[in-house]
Amino acid sequence: MSVEPASLAVRQHIDLLPTSPFHFEGTVHKPSHFPSSDNAYESACYWFSLRLADATYGVKLTNLGTIDAPRLRLDVFSASEVSAAQLASIRSEIEYRFDLNANLAGFYQDCGQGALLKPVLERWRGARVSNGNSLYEFLVITTVLQNATVRRSVQMMETLFQAYGSQVAFDGKTLSAFWSPRAIDETSEEALRALKLGYRAKTLKRQARAMAAGDIDESALRTLPTDALKARLLALYGIGPASVWYLLFEVFKRYDVFEYISPWEQKIYSRLLFDEELVDANRILREVDARWGQWKMLAAHYLFEDLFWQRKTRSIPWLEALIRL
DNA sequence: CATCAGGGCCCTG
DNA sequence: CAGGGCCCTGAT
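For what it's worth, the working numbering labels the leading residue of the first sequence as 5, then goes sequentially.
Calculated from the structure, these hints are not laboratory results. Treat the hints with care, since some could be wrong.
Below are the DSS-like pairs computed for lysine-lysine, each with C-alpha atoms no more than 27 Å apart in a straight line [what the hints assert, rightly or not]:
{"hint": "1", "residue 1": "177", "residue 2": "271"}
{"hint": "2", "residue 1": "271", "residue 2": "64"}
{"hint": "3", "residue 1": "200", "residue 2": "64"}
{"hint": "4", "residue 1": "34", "residue 2": "64"}
{"hint": "5", "residue 1": "271", "residue 2": "209"}
{"hint": "6", "residue 1": "34", "residue 2": "177"}
{"hint": "7", "residue 1": "34", "residue 2": "316"}
{"hint": "8", "residue 1": "34", "residue 2": "122"}
{"hint": "9", "residue 1": "257", "residue 2": "316"}
{"hint": "10", "residue 1": "209", "residue 2": "122"}
{"hint": "11", "residue 1": "64", "residue 2": "257"}
{"hint": "12", "residue 1": "257", "residue 2": "271"}
{"hint": "13", "residue 1": "34", "residue 2": "271"}
{"hint": "14", "residue 1": "206", "residue 2": "64"}
{"hint": "15", "residue 1": "316", "residue 2": "64"}
{"hint": "16", "residue 1": "316", "residue 2": "206"}
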């Protein structure tokens with residue numbers, strides 16, 4: 005349990021040049037994600053805490069460019085001086101997590117003309133698959149998502165931050181930061197249960213154990229072909245078809261993975277693709293494959309996020325009913 | 001007040 | 001491979 009926020013007062017910055025086109029807002033802020041105190045977003049800035057190689061940093065990304073001439077400022081805030089090597093590894097990690105070096109030209113070419121996707125791609129051209137979290141952190145996220153409504157997931161996540169995470173202050177923001185898997189490895193399942201995490205306590209323990217034992221090399225997993233990667237992820241305790249689907253796409257940027265659809269998303273895609281309340285899951289999966297092939301999850305992601313952006317400016321009654329805060 | 005499903009997964013039979 | 005059990009919550 006942290007007391008005072010750690011002040012990250014040392015600041016360094018470098019410029020990043022994402023591939024073009026690049027959509028800053030559509031990349032750093034995903035309105036369909038549940039809110040979490042480890043990040044903050046305002047028009048041209050995105051702040052988040054980053055835990056890397058046992059150190060905690062504050063990161064600020066600032067948009068300095070345009071869609072066709074992208075340029076980002078990466079500010080790294082730390083408690084003590086960051087070496088050039090550390091800065092380089094932070095940079096490459098961020099490039100991976102935000103997919104800054106992606107080449108989506110083939111996607112726009114293959115999928116840009118369909119009536120459904122065309123206006124969405126025009127609005128969000130250059131948006132990337134992004135997720136600021138490490139594999140371990142995302143395992144925790146999928147665990148608190150399971151069998152829970154959004155409100156409860158948020159509650160559990162914040163409870164975990166309070167009990168095992170820390171607070172960092174930088175650039176006028178105070179954000180939560182993730183813990184080391186060791187922290188959960190060393191705590192008891194009973195202590196986790198006392199936080200009202202229920203049966204998830206066991207899952208969190210098993211996942212932290214695997215990470216702390218060094219069984220999982222995230223950078224090695226990134227290089228695996230999707231089938232092999234999927235098998236490795238499914239072997240992790242607590243990871244089933246729903247969670248692995250999130251992981252393959254959001255963490256590992258596999259644009260073609262869409263073989264599972266949860267009941268909640270089934271209802272949303274039924275509306276988006278068929279303008280019906282509920283369409284058979286297999287029919288949805290066949291449809292996205294036929295429409296978008298190797299880009300099917302990326303295309304679906306664009307549609308999905310566009311819908312949640314629309315929700316910010318106008319009420320979408322059928323969607324509100326599904327979100328169930 | 002009681003009951004039940006929720007953005008699943010594991011384990012058993 | 002189908003189905004029960006699991007933690008807690010808010011909705012009904």
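Hints the structure violates: just list their numbers, smallest first. Failing hints, ascending: 1, 2, 3, 5, 10, 14 and 16.
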